[in-house]
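Numbered according to the UniProt record's numbering, the sequence shown spans residues 1 to 71.
What the hints contain is simulated information worked out from the structure, not anything from laboratory work.
Note that the structure is a prediction, hence the values are computed from the model and not measured.
Note that beta-carbon positions come from the ideal geometry of N, C-alpha and C, so glycine has one too.
Don't take every hint at face value.
[To be verified] Quick list of in silico lysine to any residue cross-link-like pairs, SDA-like style, CA-CA up to 25 Å:
#, residue 1, residue 2
1, LYS24, ALA62
2, LYS13, LEU29
3, LYS5, ILE22
4, LYS5, ASN53
5, LYS24, GLY60
6, LYS8, ARG58
7, LYS13, THR28
8, LYS13, GLY43
9, LYS8, LEU20
10, LYS8, ARG65
11, LYS5, GLU57
12, LYS24, GLY7
13, LYS24, ASP59
14, LYS13, ARG65
15, LYS8, TRP45
16, LYS24, TRP52
17, LYS24, HIS11
18, LYS5, GLY60
19, LYS8, GLU27
20, LYS13, ASP59
21, LYS24, ARG58
22, LYS8, ALA23
23, LYS24, LEU61
24, LYS8, LEU38
25, LYS8, GLY40
26, LYS5, THR28
27, LYS13, GLU67
28, LYS13, TRP52
29, LYS8, MET51
30, LYS5, ARG18
31, LYS5, ASP59
[Said to hold, decoys possible] Using C-beta positions, here's what the derived DEER-type ranges look like:
#, residue 1, residue 2, range
32, GLU54, THR28, 12 to 20 Å
33, GLY60, THR28, 17 to 25 Å
34, GLU27, ALA62, 14 to 22 Å
35, GLY60, LYS24, 18 to 26 Å
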Amino acid sequence: MERIKTGKYRHFKGNEYRVLHIAKHSETLEDMVVYAALYGRQGVWVRPASMWNEVVERDGLAFRRFEYIGE
Numbered sequence: 001m002e003r004i005k006t007g008k009y010r011h012f013k014g015n016e017y018r019v020l021h022i023a024k025h026s027e028t029l030e031d032m033v034v035y036a037a038l039y040g041r042q043g044v045w046v047r048p049a050s051m052w053n054e055v056v057e058r059d060g061l062a063f064r065r066f067e068y069i070g071e
């Protein structure tokens, strides 16, 4: 799996997020991405790291779920 670094990312639907930390799930030890929305109420979320770098398909086109855009 490609290393996920802290910093700003753009979701394939257009919103921007900041990765804050990589954490471990307490039961499974799975890597989890802790990230904050950079729009709206700026909530903090977690997502399995295995999903972070996934390629998703939309309207017949393939996109990375999150694209790194900088610090």
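Hey, LYS24 versus ARG58, does the alpha-carbon distance stay inside 25 Å? The hint is violated at about 30 Å.
Distance restraint evaluation - GLU27, ALA62, Cβ atoms, bounds 14 to 22 Å: Given about 32 Å between the Cβ atoms, the range is violated.
Below or equal to 25 Å on CA atoms is what counts here, so check LYS8 against TRP45. holds, 14 Å
Can you confirm whether the C-alpha distance between LYS13 and GLY43 stays at or below 25 Å? Cα-Cα ~17 Å, so holds.
Can you confirm whether the C-alpha distance between LYS13 and LEU29 stays at or below 25 Å? violated, 29 Å
Is the straight-line distance between the alpha-carbon of LYS13 and that of ARG65 25 Å or less? holds, 8 Å
Could you tell me whether the CB distance from GLU54 to THR28 stays inside 12 to 20 Å? Holds - the Cβ-Cβ distance for GLU54 and THR28, about 18 Å, lies within 12 to 20 Å.
Checking one constraint from the list: CA of LYS8 to CA of LEU38, max 25 Å. Satisfied? holds, 9 Å
Is it true that the CA of LYS24 sits at most 25 Å from the CA of TRP52? holds, 14 Å
For the pair we were handed, LYS24 and GLY60, check the Cα-Cα distance against 25 Å. Status violated; Cα separation ~34 Å.
Holds or violated: LYS13 and TRP52, Cα atoms, limit 25 Å. At roughly 14 Å apart (the allowed maximum being 25 Å), TRP52 and LYS13 satisfy the hint.
Does the alpha-carbon distance linking LYS5 and ARG18 stay inside the 25 Å limit? holds, 10 Å
Of the numbered hints listed earlier, those contradicted by the structure are 1, 2, 5, 7, 13, 18, 19, 21, 23, 31, 33, 34, 35.
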